[in-house]
Amino acid sequence: MKLEYTEKQKAFRQEVRSWMQAHVPKAPLPSFDTAEGFEAHRQWEATLFEGRWSAVTWPKEYGGRGCDLIEWLIFEEEYWAASAPLRVNQNGVFLLAPTLMEYGTSEQKARFLPRMASGQDIWAQGWSEPGAGSDMAAIRAKAIRQGDHYVINGQKTWSTRAVWADWLFGMFRTDPESSRHHGLSFILLPLNLPGISIRPIKQLNGLPGFAEIFFDEVKVPVANLLGEEGGGWNVAMATAGFERGLMLRSPARFQKTAHKLVELYRRHRARADADPGIREAVMQSWMQAEAYALATYRTAGRLNKGAKIGAEASTNKIFWSELDLLMHETAMRILGPRAELMPQQHDAELDHWLDGFLFAQAGPIYAGTNEIQRNIIAERMLGLPRS
Amino acid sequence: MDFTFDEQQLAFRSAIHKFLMVEAAPEWLREIWETTRSGRSAELRAKLADQGLTALSVPEEFGGIGLGDLDWVLVHQELGYFAIPDSLTDSAYLAVDLLKRLPADVALKREWLPRVASGKARIAVAHPLNPLVADAELADLILAWHEDEIHALRREHCQLQFQPSIDLSRRLYALQWTPSRETRICPASHGRELWAGVLDRAALAASAQLLGLAQRMLDLGVDHAAQRKQFGKPVGSFQAVKHQLADVAVKIEFAEPVLHRAAQSVAGERPLRSVHVAQAKLAAGEAARLAARKSLQAHGAMGYTWEADLQMYAKRAWALDAAWGDAPVLKARIAGHLLDEATLLGPGATFA
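As you go down the protein sequences, you meet chains A and B in turn. All residue numbers for the first sequence refer to our numbering, where the first residue is 1 and numbers rise by one. All residue numbers for the second sequence refer to our numbering, where the first residue is 1 and numbers rise by one.
Worth double-checking, as some hints may not be accurate.
To be verified - Simulated pairs of lysine-lysine, DSSO-like, Cα-Cα distance not exceeding 30 Å:
no.: 1; chain 1: A; residue 1: 109; chain 2: A; residue 2: 308
no.: 2; chain 1: B; residue 1: 18; chain 2: A; residue 2: 308
no.: 3; chain 1: A; residue 1: 8; chain 2: A; residue 2: 26
no.: 4; chain 1: A; residue 1: 219; chain 2: A; residue 2: 202
no.: 5; chain 1: B; residue 1: 331; chain 2: A; residue 2: 260
no.: 6; chain 1: B; residue 1: 18; chain 2: B; residue 2: 47
no.: 7; chain 1: A; residue 1: 305; chain 2: A; residue 2: 109
no.: 8; chain 1: B; residue 1: 100; chain 2: A; residue 2: 2
no.: 9; chain 1: B; residue 1: 100; chain 2: B; residue 2: 120
no.: 10; chain 1: B; residue 1: 18; chain 2: A; residue 2: 2
no.: 11; chain 1: B; residue 1: 229; chain 2: B; residue 2: 315
no.: 12; chain 1: B; residue 1: 315; chain 2: B; residue 2: 18
no.: 13; chain 1: A; residue 1: 2; chain 2: A; residue 2: 305
no.: 14; chain 1: A; residue 1: 2; chain 2: A; residue 2: 260
no.: 15; chain 1: A; residue 1: 260; chain 2: A; residue 2: 202
no.: 16; chain 1: B; residue 1: 18; chain 2: A; residue 2: 305
no.: 17; chain 1: A; residue 1: 8; chain 2: A; residue 2: 60
no.: 18; chain 1: B; residue 1: 331; chain 2: A; residue 2: 2
Claimed, not checked - To spell it out: a stretch of chain B is covered by chain A in this simulated footprint if at least three of its residues, at any positions, have a beta carbon under 8 Å from a beta carbon of chain A; those stretches are:
no.: 19; region: 221 to 229
no.: 20; region: 279 to 285
Since the hints were derived computationally from the structure, they do not count as laboratory data. Ideal Cβ positions, reconstructed from N, Cα and C, are used throughout, including at glycine.
All chains, please: the whole structure from these sequences, using the hints.
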């Protein structure tokens, strides 16, 4: 155990910090759930790519820097400290890319990864269906092979950023006779193919952050299959592992929020201390954000030594999503009657607490509900019998 | 930057775990309650000494092994997991820490360190953070706080009154004594720093034991839920039961790195070590309290019996949660840290 950064790591941190200072937009970008904001965020991805910062853990040949996980944590710390924009291509860079690197052919990697890193292709995820949410094995959308194409029919839903995204990675039933997790395949497809229609869904904040996708006789080349036909479940589980594991939510994000919360509390102590629960919640928020960072450094250290991420990924998902709720609820309590107000130019204190509070409501639901995570922990970590 | 233990440390922990599993079965611990007045077993103490645990942080020149806080933290997790009834922590970790930091010319140091290392002496530690002193009656020596001075008391210097705890393995005493030049072994000017170190280590040791206890209670709850059948199925197959135990697993998973960082901060004498220890004790205490509650619930009525072993671990956890700094003490420290404008917060501050 050695809790000091090496000279190389310190120099790396300095390099990230300098670049961010020079390049992070001075004014926050509009929400990427608007047409204008989506393009602004795509442009930011291109800027990151020019500096080779869009996918630091990737191999150099695809536009990354080959960083290890400690360097990734340092990068994320500097990224969030600099208040840099949210990553519009997160589903691609952090979820699909690791899966592509594990299961993709060399042609697929060369075809998809560089365009993903540069923001030319923004990716959406197509897993959920009206009848397949937490129960993903209930997927019904079919991709039937005809010659060198699959013909897709069916429907996907809750597809984040699919309104403006370029490509979709999704799970489809390639064996119509199959059931549950057999006969599913992981397929990559552009969202502008004939036969695809996209219906935006307004989220709690009024913006079309996700969409339903309808497939009517959509032809996709067989070359777009990732992994083996019928082996999609295992490929998807690998992605789910990354999603719940390290990459989806770096600790820096929550440390940034905890820091802002402590500062908000300091400014409002005179009023807030009349409710002792507020101070308690502020302290818990900071301590838990620290705990999440420490746990991630530990996992990163283990993975650097060759370990595999296991069911503890499910504990991560529960921990950060509940922490995010706690922090934003606490900020709302401190802001009191002003908390309901939409962000306003003349009231900087409101910041984005309301946006964050709304988004935090989704945390325990997306990326596998926290109930599903608790089942996974109980069955795979604790060895309790399946229900 | 590497926040993992090395192979040797993990192998040591694993060896201690296997040893205690064989040598400290719950039935035997119950027998010690019933057959001894002191709550301590010479036989158990001898076995702990055989494993080198009494000598762990005694310097080699005094017959010890010379290991440090990081090794102790793993040992303490195991001592907690097996609810070991012994004054090992106070004697071999806290008292040793005080003694070895005393100036070289203090005769007491040469007299006692080798005896602690060999397992032949027990030393109790008295500090006003705890109103009562653990294991004072069986102690060959008591190191006591008085206005930041360190005093060394022998039996003739003090009067003891036993105060029963709900945990039959804890032996607590009210201590009456009068400070004198004869008892004083270290002035306040030097003692202040030594006591601060002892308080950090004592809270760290309690935190580690709390986390070990939490893990044991979780394991007991899981075992019971997997075996006990109702409605024709193991009760552990019901989500209402599963999710409660999963929540305990989450608490433990995120308390352990906080504990290990605190151990590293204490070992490295980092400026923020007391804050890190406070975080560790709050996190471990929360995990242990939740584990006690949820494991008892998973046990059903069995959990409320004397017969089920759960009580041994739950009672230790409830007691240790308030020992060597309870929540008001620890939270005041956290609040002081967060309200200080000079405190470095935010991404990148974790190891700064």
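Evaluation of the provided hints:
{"no.": "1", "hint": "A/109 / A/308", "verdict": "holds (23 Å)"}
{"no.": "2", "hint": "B/18 / A/308", "verdict": "holds (25 Å)"}
{"no.": "3", "hint": "A/8 / A/26", "verdict": "holds (29 Å)"}
{"no.": "4", "hint": "A/219 / A/202", "verdict": "holds (29 Å)"}
{"no.": "5", "hint": "B/331 / A/260", "verdict": "holds (20 Å)"}
{"no.": "6", "hint": "B/18 / B/47", "verdict": "holds (13 Å)"}
{"no.": "7", "hint": "A/305 / A/109", "verdict": "holds (26 Å)"}
{"no.": "8", "hint": "B/100 / A/2", "verdict": "holds (25 Å)"}
{"no.": "9", "hint": "B/100 / B/120", "verdict": "holds (17 Å)"}
{"no.": "10", "hint": "B/18 / A/2", "verdict": "holds (27 Å)"}
{"no.": "11", "hint": "B/229 / B/315", "verdict": "holds (27 Å)"}
{"no.": "12", "hint": "B/315 / B/18", "verdict": "holds (23 Å)"}
{"no.": "13", "hint": "A/2 / A/305", "verdict": "holds (14 Å)"}
{"no.": "14", "hint": "A/2 / A/260", "verdict": "holds (29 Å)"}
{"no.": "15", "hint": "A/260 / A/202", "verdict": "holds (29 Å)"}
{"no.": "16", "hint": "B/18 / A/305", "verdict": "holds (25 Å)"}
{"no.": "17", "hint": "A/8 / A/60", "verdict": "holds (18 Å)"}
{"no.": "18", "hint": "B/331 / A/2", "verdict": "holds (28 Å)"}
{"no.": "19", "hint": "221 to 229", "verdict": "holds (count 3)"}
{"no.": "20", "hint": "279 to 285", "verdict": "holds (count 3)"}
Consistency note: the structure conflicts with none of the earlier hints.
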